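Asker: Construct the complete structure from the given sequences, taking the supplied hints into account.
Protein chains: 2
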Amino acid sequence: MSLNFVFIGAGNLATQLSTAFQNKGFKIIQVYSRTKESAKNLAGSLSTNFTTSVQDINKSGDIYFVATKDAVVDEVLSQIDFNNKLLVHCSGSLPLSVLEKYSENIGVFYPLQTFSKTRNVDFNEIPIFIESNSEKNEELLIRIAKQISDNVSVVNSEKRKLLHISAVFACNFVNHFYTIAADILKSKDIPFEVLKPLILETAKKVQEMEPEKAQTGPAVRFDENIIKAHLNELNEFVNYQQLYNSISKSIFEYYKK
Amino acid sequence: MSLNFVFIGAGNLATQLSTAFQNKGFKIIQVYSRTKESAKNLAGSLSTNFTTSVQDINKSGDIYFVATKDAVVDEVLSQIDFNNKLLVHCSGSLPLSVLEKYSENIGVFYPLQTFSKTRNVDFNEIPIFIESNSEKNEELLIRIAKQISDNVSVVNSEKRKLLHISAVFACNFVNHFYTIAADILKSKDIPFEVLKPLILETAKKVQEMEPEKAQTGPAVRFDENIIKAHLNELNEFVNYQQLYNSISKSIFEYYKK
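Chains as they are written, first to last, in the numbering used here: chain A, 205 to 461; chain B, 205 to 461.
Please keep in mind that the hints were generated in silico from the structure rather than gathered at the bench.
It cannot be assumed that every hint is accurate.
Pairs involving identical chains hold if they fit within one copy or between any two copies, as the list cannot separate such chains.
[Unchecked claim] Distance condition first, Cα-Cα at most 25 Å in a straight line; then the derived DSS-like pairs of lysine-lysine:
{"hint": "1", "residue 1": "321", "residue 2": "400"}
{"hint": "2", "residue 1": "340", "residue 2": "273"}
{"hint": "3", "residue 1": "417", "residue 2": "400"}
{"hint": "4", "residue 1": "417", "residue 2": "392"}
{"hint": "5", "residue 1": "263", "residue 2": "305"}
{"hint": "6", "residue 1": "244", "residue 2": "390"}
{"hint": "7", "residue 1": "417", "residue 2": "244"}
{"hint": "8", "residue 1": "460", "residue 2": "273"}
Quick caveat: nothing in here was measured; it's all calculated off a predicted structure.
Answerer: Below you can see the structure in the form of structure tokens.
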């Protein structure tokens, strides 16, 4: 497939996705970002052009991938004439319909993963969720997705939103808990290092067991002495103390069913 | 080292630790548990003896490892005469001093990991934290720990309690969030499977980056539209809705610093 892509957005997702596409032979002809540094860096690493001006967005793209913060999608797209070219966003939470105003050919290309600019990920196993307004566009997006991943499926906007919420729990909130753990350890000068094998094993465990069955720790054992002692110990971290309390209660409630 | 161990407790930790010891040539001469099935199963897999009666606990052990629920430690130990043999507990939260009543030779042997009976773990990288009431006992426990792990250190009871609290966040609460994510997906018949690459990558990321810098998602981007939409979507999961809200706030607060 010889297709020319334009990337609108140059953040974590745009960086990783455009790189994965280029590695499979797709051509990224331009990167747009409002932030010059981001646009320049990504274009540089892809050896392509960049612009920070919506007026200069290249008209000859076959597909326009929108990978900006959800909050600015409308603001950016409303300034561009896509001439009914295929316009695709990569957001978990935005419905397909947000693109209807801007082109007659629209789609969603949502890779379910956490991306950072500096950490390369193997797209092969990343689930990619496709949605489109026509069978022809859907088929094209599926074919493209299958070039970079073995795990491609079609879902509607409603299911995708739920996927995104579940990902917030399983990734964003999880990572915040890693941060909290690191913060607690720091108060006694203990390096975060000590938690790494535990963190990895916790994630590996649920690759094979249902998480419901993998649960360990004082809350699922209803060990109230430990919970009280821990809450007491967290007196100097009031915010973490409240979280400890409400999550322990949530575990209690889940398992008393 | 030719040493005879007695295990008091036959749960997740006892199962994995006694097996690791036996694999390195230590002899487990007996397993005690109040639950016959647990005692029998573990003794069976170790090809050793078991008892469910404190009166029948073997007097010829060199070290007695206590790996029961914290809440029952006192109840069980108060019925046994250890004849001042080395008595060691494996708890993150109990101080060393809880053992003072029961022997003149006491210690702590705390492997920082999540254990399940059916999932074997490689002890090699698991941090093991040692504490004891004498240099001689401490040295012996360190030597034993080094037979099964490359990551052995000495910490006092106060630091160990904090290690345990951080592990509750980084493992137990994290796993509960995997469960919540699975539960949310189930409501739309989406298999948990789709989250596995994300979960693994989230854990792998912090093996190399500080968790603080690995944070992604709507909360750290201050994307209030998405957060509102997610909270709205969670109307049918009131408990998860509250957690979503308080953790998003915690992320806000952490990064606005």
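Asker: Work down the list of hints and note, for each, if the structure agrees.
Answerer: Against the structure, the hints come out as follows:
1. 321 to 400: both (22 Å within a copy, 21 Å between copies)
2. 340 to 273: neither (27 Å within a copy, 60 Å between copies)
3. 417 to 400: Answer is both; intra-copy 22 Å and inter-copy 16 Å each pass.
4. 417 to 392: between (32 Å within a copy, 21 Å between copies)
5. 263 to 305: within (18 Å within a copy, 81 Å between copies)
6. 244 to 390: neither (37 Å within a copy, 42 Å between copies)
7. 417 to 244: between (47 Å within a copy, 22 Å between copies)
8. 460 to 273: Classified as between: cross-chain Cα gap 18 Å, same-chain 40 Å, threshold 25 Å.
Checked against the numbered hints listed earlier, the structure breaks hints 2, 6; every other hint is satisfied.
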